[in-house]
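Use the sequences and the hints to build the structure in full.
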Amino acid sequence: MKISIKCGKCGNDKFEMPARPSNATKVTCSKCGAVDTYGGMLKRIEDKVVKHIKRKLRSIPK
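Under our numbering, read the sequence shown as residues 1168 to 1229, first letter to last.
Keep in mind the hints are simulated off the structure, nothing from the lab.
Here a beta-carbon is modelled for each residue, glycine too, at the ideal position from N, C-alpha and C.
Among these hints, one or two may not hold up.
[Said to hold, decoys possible] Cross-link-like lysine-lysine pairs, in silico, PhoX-like; alpha carbons within 25 Å at most:
1) Lys1176 with Lys1223
2) Lys1198 with Lys1169
3) Lys1169 with Lys1221
[What the hints assert, rightly or not] Between beta-carbon pairs, the in silico distance windows are:
4) Lys1229 with Thr1192: 18 to 26 Å
5) Ser1226 with Pro1188: 21 to 29 Å
6) Ser1189 with Arg1222: 44 to 52 Å
7) Ser1226 with Lys1193: 23 to 31 Å
8) Ile1220 with Lys1193: 26 to 34 Å
9) Pro1228 with Lys1193: 31 to 39 Å
10) Lys1169 with Thr1204: 21 to 29 Å
11) Ser1226 with Gly1200: 19 to 27 Å
12) Arg1222 with Asn1179: 21 to 29 Å
Written out as C-alpha coordinates, the structure reads:
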(Lines of atoms letter the chains of each structure in order from A and count residues from 1; the text may use other names and numbers.)
(Lines give C-alpha, C1' and ligand atoms only; values in the text may rest on other atoms or scores of the structure.)
Protein backbone atom coordinates (compact mmCIF):
# COMPACT_ATOMS: atom_id res chain seq x y z
CA MET A 1 0.00 0.00 0.00
CA LYS A 2 1.41 3.34 -1.02
CA ILE A 3 0.29 6.42 0.90
CA SER A 4 0.97 9.93 -0.30
CA ILE A 5 0.01 13.23 1.21
CA LYS A 6 -0.67 16.17 -1.03
CA CYS A 7 -0.77 19.86 -0.27
CA GLY A 8 -4.34 20.92 0.42
CA LYS A 9 -3.77 24.13 -1.49
CA CYS A 10 -2.01 23.09 -4.71
CA GLY A 11 -1.91 19.27 -4.74
CA ASN A 12 1.88 19.04 -4.71
CA ASP A 13 3.40 16.04 -2.90
CA LYS A 14 6.81 17.53 -2.06
CA PHE A 15 7.44 19.21 1.29
CA GLU A 16 10.34 20.85 3.11
CA MET A 17 11.01 19.86 6.72
CA PRO A 18 13.96 19.30 9.05
CA ALA A 19 15.62 15.90 9.33
CA ARG A 20 14.09 15.12 12.74
CA PRO A 21 10.66 16.74 12.91
CA SER A 22 8.38 16.72 15.95
CA ASN A 23 4.59 16.91 15.84
CA ALA A 24 4.72 20.70 16.13
CA THR A 25 7.35 21.14 13.39
CA LYS A 26 6.23 23.35 10.52
CA VAL A 27 6.18 21.60 7.15
CA THR A 28 6.16 23.74 4.01
CA CYS A 29 4.89 22.81 0.55
CA SER A 30 7.84 23.14 -1.84
CA LYS A 31 5.59 24.46 -4.63
CA CYS A 32 3.17 27.01 -3.11
CA GLY A 33 4.65 27.59 0.36
CA ALA A 34 1.55 26.45 2.29
CA VAL A 35 2.43 25.55 5.89
CA ASP A 36 1.16 22.62 7.95
CA THR A 37 2.51 20.73 10.95
CA TYR A 38 4.25 17.39 10.84
CA GLY A 39 1.73 16.07 13.38
CA GLY A 40 -1.16 17.18 11.16
CA MET A 41 0.35 15.34 8.21
CA LEU A 42 0.86 12.19 10.31
CA LYS A 43 -2.80 12.33 11.37
CA ARG A 44 -3.94 12.52 7.74
CA ILE A 45 -1.72 9.54 6.89
CA GLU A 46 -3.17 7.61 9.85
CA ASP A 47 -6.71 8.42 8.69
CA LYS A 48 -5.93 7.19 5.16
CA VAL A 49 -4.42 3.93 6.47
CA VAL A 50 -7.38 3.24 8.77
CA LYS A 51 -9.84 3.95 5.96
CA HIS A 52 -7.94 1.60 3.63
CA ILE A 53 -7.83 -1.20 6.22
CA LYS A 54 -11.55 -0.87 6.97
CA ARG A 55 -12.33 -1.06 3.24
CA LYS A 56 -10.17 -4.19 2.90
CA LEU A 57 -11.77 -5.83 5.94
CA ARG A 58 -15.27 -5.24 4.52
CA SER A 59 -14.26 -7.02 1.32
CA ILE A 60 -13.26 -10.24 3.13
CA PRO A 61 -15.99 -12.89 2.78
CA LYS A 62 -17.52 -13.99 6.07
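These are the hints, each one checked on the structure:
| no. | hint | result |
| --- | --- | --- |
| 1 | Lys1176 with Lys1223 | 29 Å, violated |
| 2 | Lys1198 with Lys1169 | 22 Å, holds |
| 3 | Lys1169 with Lys1221 | 16 Å, holds |
| 4 | Lys1229 with Thr1192: 18 to 26 Å | 43 Å, violated |
| 5 | Ser1226 with Pro1188: 21 to 29 Å | 35 Å, violated |
| 6 | Ser1189 with Arg1222: 44 to 52 Å | 31 Å, violated |
| 7 | Ser1226 with Lys1193: 23 to 31 Å | 38 Å, violated |
| 8 | Ile1220 with Lys1193: 26 to 34 Å | 29 Å, holds |
| 9 | Pro1228 with Lys1193: 31 to 39 Å | 46 Å, violated |
| 10 | Lys1169 with Thr1204: 21 to 29 Å | 23 Å, holds |
| 11 | Ser1226 with Gly1200: 19 to 27 Å | 40 Å, violated |
| 12 | Arg1222 with Asn1179: 21 to 29 Å | 26 Å, holds |
Violated hints for the displayed structure, listed by number in ascending order: 1, 4, 5, 6, 7, 9 and 11.
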